[in-house]
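A.B. asks: Taken in sequence, the protein lines are chains R and S. First residue of the first sequence: 1, per my numbering; consecutive thereafter. First residue of the second sequence: 256, per my numbering; consecutive thereafter.
Rather than coming from a laboratory, the hints here were simulated on the basis of the structure. Don't take each hint at face value.
Said to hold, decoys possible - Quick look at which bits of chain R chain S covers, simulated, 3 or more residues with Cβ under 8 Å: (1) 66-74; (2) 77-83; (3) 88-97; (4) 117-129; (5) 153-166.
To be verified - For each label pair, taking beta carbons as the anchor points, the in silico distance ranges come out as: (6) Ile355(S) / Glu167(R): 51 to 59 Å; (7) Ile355(S) / Ile182(R): 40 to 48 Å; (8) Ser441(S) / Gly37(R): 30 to 38 Å; (9) Glu55(R) / Pro534(S): 45 to 53 Å; (10) Ala69(R) / Phe397(S): 45 to 53 Å; (11) Gly138(R) / Leu416(S): 24 to 32 Å.
Ideal Cβ placement from N, Cα and C applies to all residues, glycine included.
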Amino acid sequence: MLDIRNITKVFGGLRALDDVSFSVPAQSVSALIGPNGAGKTTMMNIISGMFPPDEGSVSFNQDVISGLAPAAIARRGLSRTFQHLELFGEMTVLENVLVGRYIKSRSGFVASGLRLPSVRAEEKENRERSLDILASIGLAEKREERAANLPLGEQRILEIGRALATEPTLLLLDEPAAGLNIRETRDLGEMIVRLNADRGITILLVEHDMDLVMRISTAITVLNFGQKIASGKPSDIQRNPDVIAAYLGDEEPPC
Amino acid sequence: MTVFLQFLFSGLTVGSVYALIGMGFNIIYNATSIINLAQGEFVVIGGLLMWFFLESCNVPFFAAIGLSILSAGLIGLIMERLTIRPLRTNDLLVMTMVTIAVSIVMRGLLMFKFGKEPYSYAAFTEGDPLVIGGAVIQLQTFWVLGITAACILGLYAFFNLTMVGKAMRACSFDPTAASLVGIPVSRMIMFSFILSAVVGAVGGAAITPISLMEYDKGPMLAVKGFCAAIMGGLGRGRGAIVGGLTIGILESMTAGYLHSGLKDAVALVILLAILFFRPAGMFGNTTMQRLKGH
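Make the full structure from the sequences, and use the hints.
C.D. replies: Written out as C-alpha cells, the structure is:
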C-alpha cells in the first residue's frame, strides 16, 4: 500500500535518513521503531509531504506522492497525527473533528457564505459523521469543550479522531503513546487495533513504547542512525542481534 | 445633553467603519500574520465603486451594491494572486511592505480614474432625519450601524458555522496541522483577502453619503482601523468592534468638545498608549500571544 524506496534526507552534514526502503502492506498495523535520533519522525514528515526527500520516492497505492503538498496527500487518503500535539486548541472538540471533514465537503467559499440548501444538508451530514467519530473514540460527552482543556491522553485521541474525519485508508501515528500512563496506553492500543479491524484502516506507527508495539503490530521496521537495520515480525525483531545492540549499545563483548 | 447625543451618534457611525476596517485587518492577520496596510484602500474602493455604479452607470441601487461587493472581492483576489502568492516568503516585514506598495498603486489608479475631488451619492433611503433627545440623526446613520451589525453577525456565522469558515480558523491556529488534514492553506489565504476587501468595501459604500469619499482617504482610515484592531488585541474579532466604536466616539467627542484639529490625534495617542501599556490589547492576553509565537 505504501512503498518507501531508497529515501535519503540530509540536514546540513547529518544524514537523517540514508537509503531507507520498506513497505507497509494494506490492512497491516506496521511499526517504525528505533532509538532517539534514528530518523523516524523525519520519515513521517517525508511521507506526509511536509518536506521532500533528497533522494528516493514514496508511493501510495502505486502512485508516487513524494513532492506533493501535504493537503494533496491528505486528500488521497493518508492522514497523520503528531508527536507534539497539533490540535486547534481554541476550537471545540467537535470543531476539531469537523475541520477534518473539510476535504470530504464540496461546498465552496461562495456557497458557504450564502448558506445554500445544499450546504446545509452537507453540514448536517458532516456534523453527524463527526459525532459518530467522537462516539467511537469515547469523546462524545466532551464535544463542546475547548480542545486545549482536555487532558493529554484525550487530546491524543482527539487528534486521531480528527485524522479519522478525513476518512483515511492509511493512518500515520507519530508516538501516540508519548506521555500517556499505562492504562491510557492500553486503551489507545485497543483503539488502534479496533480501527484496523473494524474500519480496515492500515496503520503505520512510530512508537517508543515497546510493549505496545510488540502487542499490536504485525510488521516492524527498525531504524538506527538513519539506516534500516532490520524488518520483520515482532517475534523476529525481538531476537535480532542488531536491534538489541542498537537499543542496548554494543559495548559488551560478543558471546 | 443634546450635543452629547449628537457627538455620540456621529462617533458611533465613524466608529462602525473603523470596526469594519479593524475586522478586515484581523481576517488577513489571522490567516497570514500579515498586516495589510492596503486595508483603507478597500474602503475607498467601496465608496468610489458604489458612486461609479450608481451615478456614472445608473445601475439600480441593489445591483450597484452587488456589483461593488463583487468588484471589491475581485480586487482582493487579484491583490493576493499578484503580490502575496508569488512572493511565497515567510518574511512578514517584506509582505507588509508589499501591502504598502499595493496601497500606493491603488491610490494612483483611483486618482487616475476618479481625480482628486470628493464623491458622494444620495443616502440609501430618503426621508427626514430622526430627532432623538434633540439630536438630529440622519437616516444613513442607521444604515451604517445596521450594515456593520449585519457584517459582524455574518462574519461570526461564517467563521463558526460553515466548513470553509472553520477551515480558515483552523489555518489561523495551526497552518501545519490544517494542511495535514487536507485544508489547502493557500486557498484559505486567498479567501481571507477576498473577505477582507468585501468587508472594507461595504463599510466604504455605507459611509460615503455621510462623510464623502476621495482617492486618498485610505491611509488615515487604515490607521484608525489598525488602532481599533490593536486596541482589541490583534486577531480578535470582538476586540476590533469595541476598539473601533471606542475610537470613533472619543474622536467625535474630542472634535466636538475640544478642537476638531485634534480629532486625528486621538487614535494615534490611543495606539501609542496601548502599545506602551497593554501591547496585547485591552482584552488580549500576553501568554497567548507568546504561544502563537508572534
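A.B. asks: All hints, please: hold or fail.
C.D. replies: Hint by hint, here is what the structure shows:
With 4 residues having a beta carbon nearer than 8 Å to a beta carbon of chain S, the segment 66-74 of chain R meets the requirement of three or more and the stated coverage holds. Under the rule that three or more residues need a Cβ within less than 8 Å of chain S, the assignment of the segment 77-83 of chain R holds, with 3 such residues. Proximity of the segment 88-97 of chain R to chain S, defined as three or more residues with a beta carbon under 8 Å from a beta carbon of that chain, is established by the 5 residues found. Check result for the segment 117-129 of chain R against chain S: holds, 4 residues qualifying (beta carbon to beta carbon below 8 Å, three or more required).
For the segment 153-166 of chain R, the proposed coverage by chain S is satisfied: 4 residues have a C-beta within less than 8 Å of a C-beta in that chain, meeting the threshold of three. Taking 51 to 59 Å as the suggested C-beta distance range, the pair Ile355(S) and Glu167(R) does not conform, at roughly 44 Å. Between Ile355(S) and Ile182(R) the Cβ separation comes to about 57 Å, which falls outside the hinted range of 40 to 48 Å. For Ser441(S) and Gly37(R), the Cβ-Cβ distance of about 33 Å falls inside the hinted range of 30 to 38 Å, so the restraint holds.
A hinted range of 45 to 53 Å for the beta carbons of Glu55(R) and Pro534(S) is consistent with their spacing of about 47 Å. Against the hinted window of 45 to 53 Å, the Cβ-Cβ separation of Ala69(R) and Phe397(S) comes to about 47 Å, which satisfies the hint. Restraint check, Gly138(R) to Leu416(S): a C-beta distance of roughly 26 Å satisfies the suggested window 24 to 32 Å.
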